[in-house]
Structures are given as structure tokens and as C-alpha cells.
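Asker: So the sequence lines, in the order shown, correspond to chains A and F.
The first sequence begins at 1 in my numbering and counts up one residue at a time.
The second sequence begins at 1 in my numbering and counts up one residue at a time.
By construction, these hints were calculated from the structure, which means they are not laboratory data.
There may be inaccurate statements among the hints.
[Claimed, not checked] Okay, derived cross-link-like pairs now, DSS-like style, lysine-lysine, Cα gap no bigger than 25 Å in a straight line:
#: 1; chain 1: F; residue 1: LYS58; chain 2: F; residue 2: LYS27
#: 2; chain 1: A; residue 1: LYS996; chain 2: F; residue 2: LYS193
#: 3; chain 1: F; residue 1: LYS272; chain 2: F; residue 2: LYS29
#: 4; chain 1: F; residue 1: LYS53; chain 2: F; residue 2: LYS78
#: 5; chain 1: A; residue 1: LYS513; chain 2: F; residue 2: LYS158
#: 6; chain 1: A; residue 1: LYS885; chain 2: F; residue 2: LYS27
#: 7; chain 1: F; residue 1: LYS53; chain 2: F; residue 2: LYS158
#: 8; chain 1: A; residue 1: LYS888; chain 2: F; residue 2: LYS189
#: 9; chain 1: F; residue 1: LYS189; chain 2: A; residue 2: LYS460
#: 10; chain 1: F; residue 1: LYS189; chain 2: A; residue 2: LYS885
#: 11; chain 1: A; residue 1: LYS460; chain 2: F; residue 2: LYS193
#: 12; chain 1: F; residue 1: LYS50; chain 2: A; residue 2: LYS459
#: 13; chain 1: F; residue 1: LYS193; chain 2: F; residue 2: LYS272
#: 14; chain 1: A; residue 1: LYS513; chain 2: F; residue 2: LYS193
#: 15; chain 1: F; residue 1: LYS189; chain 2: A; residue 2: LYS996
#: 16; chain 1: F; residue 1: LYS5; chain 2: F; residue 2: LYS50
#: 17; chain 1: F; residue 1: LYS193; chain 2: F; residue 2: LYS158
#: 18; chain 1: F; residue 1: LYS158; chain 2: F; residue 2: LYS272
#: 19; chain 1: F; residue 1: LYS50; chain 2: F; residue 2: LYS158
#: 20; chain 1: F; residue 1: LYS193; chain 2: A; residue 2: LYS888
#: 21; chain 1: F; residue 1: LYS118; chain 2: F; residue 2: LYS50
#: 22; chain 1: F; residue 1: LYS193; chain 2: A; residue 2: LYS459
#: 23; chain 1: F; residue 1: LYS50; chain 2: F; residue 2: LYS29
#: 24; chain 1: A; residue 1: LYS888; chain 2: A; residue 2: LYS737
#: 25; chain 1: A; residue 1: LYS1170; chain 2: A; residue 2: LYS1128
[As the list claims (entries may be wrong)] Here are some of the chain A residues that sit facing chain F, going by a computed Cβ distance under 8 Å:
#: 26; residue: ALA436
#: 27; residue: SER438
#: 28; residue: ASN445
#: 29; residue: ASP463
#: 30; residue: ALA857
#: 31; residue: PHE860
#: 32; residue: LEU1041
#: 33; residue: SER1142
#: 34; residue: ARG1144
#: 35; residue: GLY1147
Note that this is a predicted model, so its numbers are computed, not measured.
For glycine and all other residues, C-beta sits at the position ideal for the given N, C-alpha and C.
This is what each chain is made of:
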Amino acid sequence: MAAVLESLLREEVSVAAAVRWIAHSTQSSEDDFGEAAALSSLRPLRKEFVPFLLNFLREQSSRVLPQGPPTPAKAPGSSAALPGRPGGQPRGGRGARSQLFPPTESSSAAAPAEAPSARRGGRRRGPGPARERGGRGPGSLEEGFSGESLCWAGGRRPRALGSPGSPSLMRSDPPNLSNLEEFPPVGSVPLGPAGRTKPSRRINPTPVSEERSLSKPKTCFTSPPINCVPSSQPLALNCSPWGHGLPPGCRSLQEEREMLRKERSKHLQQSPAPSCPTSESGSPLPSRTGNLTAEPANPAKVSFRQRLELVALVYSSCIAENLVPNLFLELFFVLQLLTARRMVAAKDSDLELSPGALDSLESPLFQSVHDCVFFAVQVLEHQFQVLSCLDKGTLKLLAENERLLCFSPALQGRLRAAYEGSVAKVSLAMPPSVQAVSFQPETDNRANFSSDRAFHTFKKQRDVFYEVLREWEDRHEEPGWDFEKGLGSRIRAMMGQLSAACSHSHFVRLFQKQLLQMCQSPGGAGGTVLGEAPDVLSMLGADKLGRLRRLQERLAAPQSSGGPCPPPSFPGCQGFFRDFILSASSFQFNQHLMDSLSLKIRELNGLLLPQPEPSDEDGESDVDWQGERRQFAVVLLSLRLLAKFLGFVAFLPYRGSEPPPTRELQDSILALRSQVPPALDVRALLQQGLRARRAVLTVPWLVEFLSLADHIVPMLDYYRSVFSLLLHLHRSLVLSKAGEGEMCFLNKLLLLAVLGWLFQIPTVPEDLFFLEEGQLDAFEVDAIVSEHGLDDMPVVDQHLLYTCCPYIGELRKLLASWVSGSSGRSGGFVRKITPTTTTVLGARPPRTTQGLQAQLAQAFFHNQPPSLRRTVEFVAERIGSNCVKHIKATLVADLVRQAESLLQEQLVTQGQECGDPAQLLEILCSQLCPHGAQALTQGREFCQRKSPGAVRALLPEETPAAVLSSAENIAVGLATEKACTWLSANVTALIRREVKAAVSRVLRAQGPEPAARGERRGCPRACEHHAPLPSHLISEIKDVLSLASGPRDPEEGVSPEHLEQLLGQLGQTLRCRQFLCPPAEQYLAKCSVELASLLVADQIPVLGPPAQHRLERGQARRLLHVLLSLWKDDFQVPVPLQLLLSPRNVGLLADTRPREWDLLLFLLRELVEKGLMGRTEIETCLDSLREAQWPGDFSEELATLFNLFLAEPQMPEPQLRACELVRPNRGTVLAQS
Amino acid sequence: MILTKAQYDEIAQCLVSVPPTRQSLRKLKQRFPSQSQATLLSIFSQEYQKHIKRTHAKHHTSEAIESYYQRYLNGVGKNGAASVLLELANEVDYAPSLMARIVLERFLQEHEETPPSKSVINSMLRDPSQIPDGVLANQVYQCIVNDCCYGPLVDCIKHAIGYEHEVLLRDLLLEKNLSFLDEDQLRAKGYDKTPDFILQVPIVMLCPLAVEGHIIHWIESKASFGDECSHHAYLHDQFWSYWNRFGPGLVIYWYGFIQELDCNRERGILLKACFPTDIVTLCHSIA
């Protein structure tokens, strides 16, 4: 590889030829013969060139200390020869990847121990203690998998691929992925003394030894981290840029500990005064916190300008041809170079360059900060097109970068122009609070469940689900709170109740809806779309540097989204759903969830999204276009979310911390797994997407899906072919190509960003990107069928790009930290971009009508704005649906009423025993169902009547008459089709169901309390509802009853006025009825009867002079009269008057001495006279009274009363009066009898 | 009517071991003249119920039942007209109605061949004249009319109060032109959880001190005082379930509540002691 680069540098080969050589395996005719000859000898190395170049650049920049996180390069070929590698060297983790995650700066005492491993590639994922809290934290994926953190945590992956220094190791044959020597499994990191007792997010100390400098992957893949410890730096510098002449060997663990100790002590020295420049403390190196001043860069001091230009050109060309795995990673690296603070003082020998070495690679590429900046600006010039698409904040920071201005005023000018032309997008942040999925009777009521039990179980489950969700919301940020510990058992208990498959599907529907509802908005996804920290800093003003720095330290770590290539994670609310799935650990649930997610993904992926717009770009279509874009964004974001969870669940059973340890095992696993059909046929969907030119919709979600795959997946033939397709696509997305048939620029950029990210995922083999090339041809993408598709339309905007790829924001953070560190400029602006689109998805594609008419309709829409089509489809969909509802409410409801009255008749004629309800239902249905045929006619009529108006209201006024009427007709047709299809299939069943419900309703109502269901009168017309409340009256009467029943204090009693008032109020209440419910009225009736009994027995304690504790007879009689009239006229419930003659109430008379019977007799007569009770009824009551046991004299008197009552003639009134007149007292009455 | 926790505790403190009689209530009213009677009664009733729940078990051991029954028999043996059962209940600090039930059940066990069903007992308590023994009927009746926390009569009063307040709320909604679905309509549609009212168009309730208003989708009327115990039970059984299905809503505790319980406003459960006055409705046409 070095040879290629050197021949380039010696100008034996032109850059263009070299890039062609790299990009295409075949020689192009443009190639000069000499060039071809020079290159063809190097042919076997072709595919290793790019990884070599990337590593070379990383390595060259290792002496520069950028203040941002280190940039990983991911390349299989390392420049390091590994001859000295001990054979027994355990396979490391992934060197390159491990640097995907920047070490967290920390001045705490705990940090130094970790620093070395971090520097060496040990990665700290969750930065900062905030993410250390108990259990699974908010973000990362594999916290739930024990031990997995190890493979993220450090170590390196030895590469056996060829390296320039050792030609014997060069290989031209494609590497055998199943060769465990060459492709050792990931994650088997040699354990440090800390061991792996428990899965931990902290980095396990990886052995620190100088041996590591042997392994070029480590030093060359990464640029040095920010917080490098001074003394450790020379380790990296020991090696010459090419990796030759390294001291081989491996130090013992003892030495390693010694080094750690030293480093720790240095840190401890530094930490008390973090703000004082490190140079003062004798350290040769600046640290981020120690020295914020950067070395000024000067264009005049650039050494080997030509060489730098050349390398920059080759590098840029590789980027432009998508030969690098991750475009944004390279940009990040370039920006790191741009913002390099200062060069590490190299050894003198390094600086003394022999003149002959200048044009070769013997001398370091970057000799100074000036070189770095020069190189960076050179590359940036080539990448202007991409830069210009970055967000306004990044553009501003770039345009204001004084180094850039100094090195390329022209580029600065273009950036400034781009900045000024960029449209600022500010949208309101959505509150991330939880909103529940609403209850929809159509899908959620009893009719949708197999049994009452299932219905009620699901009712409880819904409540438990939200209870768990709320608790999570409240507590997941508390330190020490653990999802599994806090909620696990409750979740499992709930899942345990889901027995029926139908309940599972209900619950999954709820789960999925809630997932979409909560996680679609970025607020719910957690974290801002564009990094906030720098803006916060600039707002605070730079003069308070100390405060600012402290703030920066606090903010930088937790706010970092994990560097330019964060691992797949479940930020914010997504964490809840992930943990729920894990805690539930229910096979059935997972299966139903996968089914449901797959279905929804297919549905959304196939959604008819905006059609190609006619080219007139006037304001009107702009308005439409916003809607189209929004819809696209919503669909895309939903798909990504669903696919991520599908991937999570689908690969969950296979996830493990590491790949199988032996090849045999791996082979058997592969053999097994290749039998298993994929959860979702993503390959077919991808192929369809590519054919239909909808890659911009399909690929982003597919990437999310694949990002959660396990280690085996990329080795399976099926998924290998998927990856091949993606690689092919990646290469084809050359940004500089534009024009007919090419994808829109931002669409491409989105795909490049997500694919680049995918290629950095730990489970995706690192070399996949560089090695798959040979197989690309095997998977020819089918000839593109459709001419136009989503890919050609500017569906992606900057907003969406940043939402999908928040890591692009790292560029801005990097630049911002340069600003805050170097000059601390204040000003700037705060901006949050969050999608505002959480609207429901648009209309689904309707069933296409067949035949010519359908073709015509399609043709009609073709030349109309897409909004017209959506309007028509929407109207048709809604009207069709409304039509069904209308039929239900009219025709079906009428039939149900008929059924009810038929049933009533049946009940009346046959009495209670009307037979088996099932039989009844059959009879009714056979009578009524034929009427269902009317539904179609009525439905057609309804659609005809309703659709045109709706279309007219929704289309622009100016729509031409012909277009309008066609649109109306199509809408009518589609609506009718929809409604009638449904009705003809379902109306009979619907009628049956409703009639069945009615029958059971009627039969139930037949049962208890038939008397209570009488016709009820309402209030009088002018009633103002001021009557006393029934509850108050019952309470008052109860007081009287309790007073009468005793025990009572001597001074307690009731005034006669109060009694009268009470009965008056009772009358009012009974007449108002506004607040009267039947149970209350029943109790009032009962209490009034009790009251009457007390009056008759003279048992009400009356207030007044002690001598006269009894109610005057006349008063009592008046009160009884009032009661009688209330019973007769005002009560609407049956009054239990027979209670008047219950043994207990009659017995009250036994206690009074002397006994007075006249009021009872009076009452009985009045009851008969008013028709409240029949004579025979009273006689029966009196008869039964005889059976009770009474004191002897009382029985006698009672018998006398009977005789008296029975002796009275049918027309009692004159007698009654006579009786009263003749009998001054009780004694005479009885005497006469 | 909205009490602080401290105010509430002061009242609750006075209610320890007070029998649920007419006289107790009268004293309570004199002790806290500034509080509304309904609120006091509601608090009293709730506190007493808590007390009964705590002590329920010890009155239902077979030994306790036997001893109560024997004491009843002895008492009425001496004087059938005396308040035997009521005094017994007060003496052992148990609700008179519940004591009546214990003794009635025991009595029926002795006198009937088959053990009495719950519905038979309930029916006899509702109408003591059905009790075959006249003396016991009187004793039971006396217990029931003298108990202001338990018993069929009290249940009926509580039910009536609940109903009346629902009607009141419905009238207020109608008056304000807010269209709603009531419990019966919701049940007919097959809703599994039914608040008193679901507003067909949500409203916003403005709060004097808050910048933002609160969205209200549903309203639940509670004709009682909202103390911690009942509120938490309602939250668990009703309010959160409503929220889970219909979003944020309003609970009206007509007899007041403990101020500190109104802590889920941001989450979407608002407490009020009356119908909110400051509400905003959706405008159909924007000028």
C-alpha cells in the first residue's frame, strides 16, 4: 500500500488513475500505460488501499491532539506487521470500533485507571455517572446482556491481513470469514485484574503494555484521545509513522500496574488545578482542560505542501467515490485536524529529516499543526458540497473558523454564503410526556374479545401497563433504580394473565401504538437533535471562562451522543419498551409483537407516498410539498422505530456477548440459522425498494433493523446478500453525480450517513465493507423498473437528516468546542430542531377498481397535483367508513328495534316461558336478516349524496369544473366500493350480532324489579329544581326515626312544625324529581311508612313542656293526611304500605299506654278509600297479625280492631265520621264494638 | 373545603374511637363550626370506616360472635325493650349495623335449618319486619336507624348523594353547552371503564397561578371528601384507568379534599371541589 502511495507521491501515477484503480477492478482505457503497469503490479493490494490510507492518516495525525473525541477508522488491513505477535495472544475486541466511543474526560480520581485503556481503544460507552445508574440505563442496547459490554470495552482485534511491511503476509485471495485465525471472534478480551464478575458499563481495565504499540490497529486506527496522559503519549510516538522498528514484546501485568500507578499520580497532580496550563506543571502536552489555547496555524509554515495536496486529493477522491465506509466519520476526522490545538513535540530525530525523504513517506506527513490545518482545508474544499448541506450552526462555526479563513479565504466565502442561504428551521419542542393510547370502542369493546374474562383481563392489563409506564417515567432517572427489580415481577405477572391469543394481539396492539406515540417525537427519543451544549456555552458568554469550562466539563460528557458513530441505542422512552420486552420475557408476546411490527412495517413501507410532482414549482405546490415531506418524515421515522424494535425482538434469542468460540460451533450455528426464515423478508423488500426507486424510504429502516442483528447474522447467506445490496447501493451513491435518474442530494446523503453508521456497528464485520466488493456483481440489482420514485424527489430535508442521524451533529460539537476553547466567542444562537410531525398517517391506498375505469382514473390523477389524489382517496375512505356507520345507526338500529318489539310481543303472548333464547334469536334473525339487502341500496345512496360535497369542500376553489366533477365521481365510486364491499360481506353478521345483544338485553330486563320500570314522570315544566335533595330528606327522616327509636337524651325531640316542614319538603322533592333516583325514592317511601307508623303509635318524642311530650291527635291526623296524599299522588315507586301492618310496627302500639287505636283505624280506612290498599289486602295483613305472639290484652284489642274494620260497610265514609263523632275516646270505640 | 393535610389531621384526630351516632355528629359540628357539615360527616364516615376495617377481624372470630350473641340473649332476656344491641355495639366499639348483622346471622343459624344466605340477611336488614323474632327485629331496627356510618339506610343516603351530584354536574355541563357522553352511553358502547362524563370536545381549565391550562377529557364526580386513603384507591381503580384510555381529566370532590393530594396535575389528573369556573372551549371558527 505504501508503494501505491509512494508512486503517487513520486508522480508516477496520476491521482485520477489511482482512484479509478481503487474503485474499479478493471483497467480503464484512460489509463496511461506506465500507470497501468505501475499499478497492475500492485493489483493484489487494490482492495487494501483504502483501509491503508485511512489508517495511515489516523496514524499520521496521532501526534496532534484534537480536542474532540478520537476518530476511529475502520479498516481491516493494518499497516502493522504482526510478526512478533505471540501465538497465544488472545483475540482482542475490536480495536477500531472501540474507539467509536470517546473516552469521557473526567478529572475524578477514578478516571486515570481507565484512561489508558480508553486511550488504547477501550471505549467507555455510557459517558459519565449519569448513565451508570442502576440496571439498564436509558440508552445502550446490550446492557441487558451480560458480558456484552466487554466487547465494547476495549482490547483490539488482531488483523492478519496483509501489511506493507511484510509482503509475506499479503494475500490476494478473499479472506475466509470463517477462518477463526483471520477473523477471530469479537469480544474475547483478555480480562484485566478486575475480572468480569458482573456486566458493567465501566471499562474493565485492559492490560496496558507497550506491547500494544506493536499492534498498529490500535495506534493507527485512532487519533489520540483528548484526555491523554502525557507520559503515555510517547508510547504512541515510539513507532515511526510506518510502524516499523517497534520494540517487540509484551510486558508483564506487573509493569502495567506500575504504569497505571504513575499515570494515576499524574492525574492526581493535575486535577486540583485543572485550569492552569499544563506546560507550567512540566507536562509537555496540553490537555483539554489544562490548556485551551491552541497553537496558531500559519499557511506560510506548511511543509511539503505538494505532498499534502496530493494525499488530500487522493483522500478526497476516495471519499467522493464512497470508497470509505463512513463519510461523516471522515469529515469528523478532517475537522479534528482542522481544530488540532498543537502538535506533540516529537523526538528530535523525527524532526531531522533527510532532504531525500521529503517526497517519500519516510517523514511524517503532518509535521506541524500548520500541516494538519492545511490538509484539512484542502479536503474540506473538495467536500464543499456536503458541507453546504450541514445545519446552519455548523456552517456558521465553519465560516467563522479563523484557521479556515486564514488558509482558504475562498472556501470561507463559500461557506459564509451557504450559511446565509441556509434556511433556519425552528420548531417547537414537543413535550415528551406520556399520552395514553385512547380507548376505541370499535376495536376495544367486549365484542372484540372471546370471553368476558378475556375482556376484563385485558382491561386490567391496560391499567397495569400504564401503571408500570408511569412508575418508569417517575423513577427511571433515580439513582439505584432498576427496571427489572422495580417492575419485572409486575410485568411478568401481567403477561402471565394473557392466555388467549386474541388477548396477546390486543396487548401487542396497545404496546405498538404506545411505542409509536411516545417515541416518534424526538423528545421521546431522548436527546436533542442538534447538540445543545455549545449553544448553551456561547449563550453564557465567554468571559466567564472558568465557569464555562466547568460547565463544559459537566455538559460535554452526558450530552455527547456517543461520538460520530454511536452504538445502536434505545434513548429516552424507547428504553422503557426495550426493558419491558426483556422483563416480560414472554415468547408469545415477542412472537405477536414481531408479527404486528412486521405487518405495520410492510404496510408503511408500501404506503403510497408523494407522486412525482409536475415541475411547476409555484407557491401553491410548495404548500402541498411541505405536507408531502412531513408525511414522508412521519412514515420514515415510524418505520425506523418499528424496524429497530423488530430487529431487537427478532435477534433477541441469538444475541450474545460474543461470537461462537470455535469454527465448528460457528458452522453448526450457521447451518441451523440458515434454516430459519427471516422474521421479515427484508431482502425482498429491499429489492422491491431499489426497483421502485424507494431506497430512501426502505434503506433507513432496514439499517435500523440490521443494526440490532447478532454476530452470526452477517454471515448468513440471506443477510450477506442484503449487505451486498447495501454495499452496492452505497458505492453507487456518488454525491457529485446529479441529473436525470439520479437520487436527490439530501436523499443520498441520508443513505450514506445511515449506511456509514451501519458499517460501524460492532456486529457487522469490520472487513465486510472492504471485502464484499468482489461479490457485488453476483447480486446485480434488477433493472430499475420505475422511472420515477421517491428517490428522485426531495423528500429528505436537513431536519430529517439530522433527526435520523443525530451523530452528524457531532461535527458541530467539535467545532463548537474549538470555539469555546480558543477564543470563547459569545453570541450565536440557540436552536433546537425537532420534527413537529406527529400527525396521523394519511389515507391508505384504496382498493383499486379494475378495468378501464381504473386505468382512466389512474391516468386522471397522473397529471393532477398529488394532493388531489389524496383528497379523493381520503374522502372516499371516510365516506365509505361513515356510510357503514350510518347504516348501522339507521337500518340496523331499526331492525333491532323491530326485533325488540317482536320479542316483547312474544313475551306478552307466551308469558315468561318463551323458550330458549337461542331459538328466539334464530326466529328473529330469519325474519329480519333479509332486510339487510337494503343496506347496499342505502349505502350507495349515502355515498352518492355525501362524497361530492366533501370533495368540493376540500379541493381549491379554482379547480376546473371538469376536474372537479371527475374527482367527485371517482370519490363516489371508491366510497361506494368500499362501503358496499364491507356491507355485503358483513351486514348479516352485524344484524345478527346486534339482535343478539338486544335479545339478551330484553331478557335481562325481564328479570328483576319489573315494577320499577314503570313510566316515570319528570318534573313539572317550570320546575327550577330548588327542592331539597333526596339524600338530605332521607337523612332528616332517619334522624326522626332514630330519635323515636331511642335511645335519646332527655332534651332531644322533634317539634311538630319540623315534622310538618319535613313532609312538605318531601312533597317538593317528590314533585321535582330532578335529583331523585329510584333507590332513594324507595327508601323515602319506606321511611314515610315508618313515620306513619310512629305517628299512629304516637311514638314521636315532641319538643315542648315536659308534661306534654306527645303529639296532639289533630296534628297527627293532619300529618297522616299529608302522607296519604303523598303516597297517592307523588310517589312513583310502590310504597310498602303493608309495612303499616307489620308485626313490628303494630307492636309499637303495644308499648303505648293507654293504647290508641283510632289513628290506625283512620289510616286503614283512608288507605282503602284512596285506593292505596284493597280491603282484602288489609284483611290478609290483619289475619297474619294474629299469628304473632302478643301480650294477652293486646291480642284482644287487636281482635276488636279487626272486627271493627271488617264490620264496616263498603261505603265507609259516613260511618267513619259518625264513628268519630260518637266516640270521644278510645274506650267508647271499643265498648261499642 | 380544601383542607391542608394538617387541618385534616386535626379533624381526624378528634374522631378516634367516637361511636357513629347522632350525638357524636352533633358534637363534631360544635367542635369545628367553620367546616361544612357535609364535609365533616364525610370525613367522619371515612375515618370510621378505616377504623372498622382495622378492627373488623377481631369482631368476627367465632368466640367474639358467640360472646356477642350470649350477651344479646342475656340482655333481651332481662329487658326486651332496652337498647341491648346498640349498647353492646357501642361498648365493644363496633358499628351498630354490623353488630346487628353479626347477631342476626347467628340467630338465624340457630333457628333455621340451612345457614342464611347473604341476600336473605341483607333483605332482613333492609326491612327488619321480616325478621321472625319481634324483639330482635326491634333491636336490629334500632341499630340501623342509629348508625350514621353503616347500614342500608346510610348506603342509600350515600348513593343518593352521589347521584344528586352527578345530576348537578350534568346540569352544569348542559348549562355550559359542553357535549358529553355519560356513563350509561359509554357502557352501551362497550367501554370497559366509564367515568361519569367524557367530554366529546375537550376543554381547558385555567389555573390562576399556572401559565398553561389543563386539558380535560373526562370528569368524575365524587360526592365525598378526598382523603388519602380513598383518593389512592380511586386513583388505582378509576382515575388512572380513565387517564389510560381517555387522557387527562378532572375529578370533583364536592366535599373537598386534602390539598396535598392534588399533585398529579401535570400528569393529567386534576382535583377540584367544585365545577371549574375558568374554562376555555375549542372555538369552531377563528376570526
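Asker: Decide if the proposed pair is consistent with the structure: LYS193(F) and LYS459(A), CA atoms, cutoff 25 Å inclusive.
Answerer: Measuring from Cα to Cα gives roughly 8 Å; hence the hint holds.
Asker: Against the 25 Å threshold, does the CA-CA distance of LYS5(F) and LYS50(F) hold or violate the hint?
Answerer: OK: LYS5(F) and LYS50(F) at ~17 Å, within 25 Å.
Asker: Given the hinted pair LYS888(A) and LYS189(F), is their Cα-Cα distance within 25 Å?
Answerer: holds (13 Å)
Asker: Next item in the hint list is ASP463(A). Is there a CB on chain F closer than 8 Å to its CB?
Answerer: holds (5 Å)
Asker: Hint check: LYS53(F) vs LYS158(F), CA-CA at most 25 Å. Holds or violated?
Answerer: Holds, because 18 Å separates the two Cα atoms, which is no more than 25 Å.
Asker: So if I understand the rule, the pair passes when the alpha-carbon distance is 25 Å or less; does LYS460(A) with LYS193(F) pass?
Answerer: holds (10 Å)
Asker: Closer than 8 Å between Cβ atoms is the bar; does LEU1041(A) clear it against chain F? Give me holds or violated.
Answerer: holds (4 Å)
Asker: Just to be careful, I want the Cα atoms of LYS50(F) and LYS29(F) compared with a cutoff of 25 Å; is the pair within it?
Answerer: holds (20 Å)
Asker: Within 25 Å, alpha carbon to alpha carbon, are LYS193(F) and LYS158(F)?
Answerer: holds (22 Å)
Asker: Would the hint linking LYS189(F) and LYS460(A) be met if the CA-CA limit is 25 Å?
Answerer: The given pair, whose Cα atoms are some 19 Å apart, holds under the 25 Å limit.
Asker: Would the hint linking LYS58(F) and LYS27(F) be met if the CA-CA limit is 25 Å?
Answerer: This hinted pair is violated, its Cα atoms lying about 28 Å apart.
Asker: Please check whether SER438(A) passes as an interface residue: C-beta within 8 Å of a C-beta belonging to chain F.
Answerer: Interface hint status for SER438(A): holds (6 Å vs cutoff 8 Å).
Checked against the numbered hints given earlier, this structure breaks hints 1, 4, 5, 6, 12, 24, 30 and 31; the rest are met.
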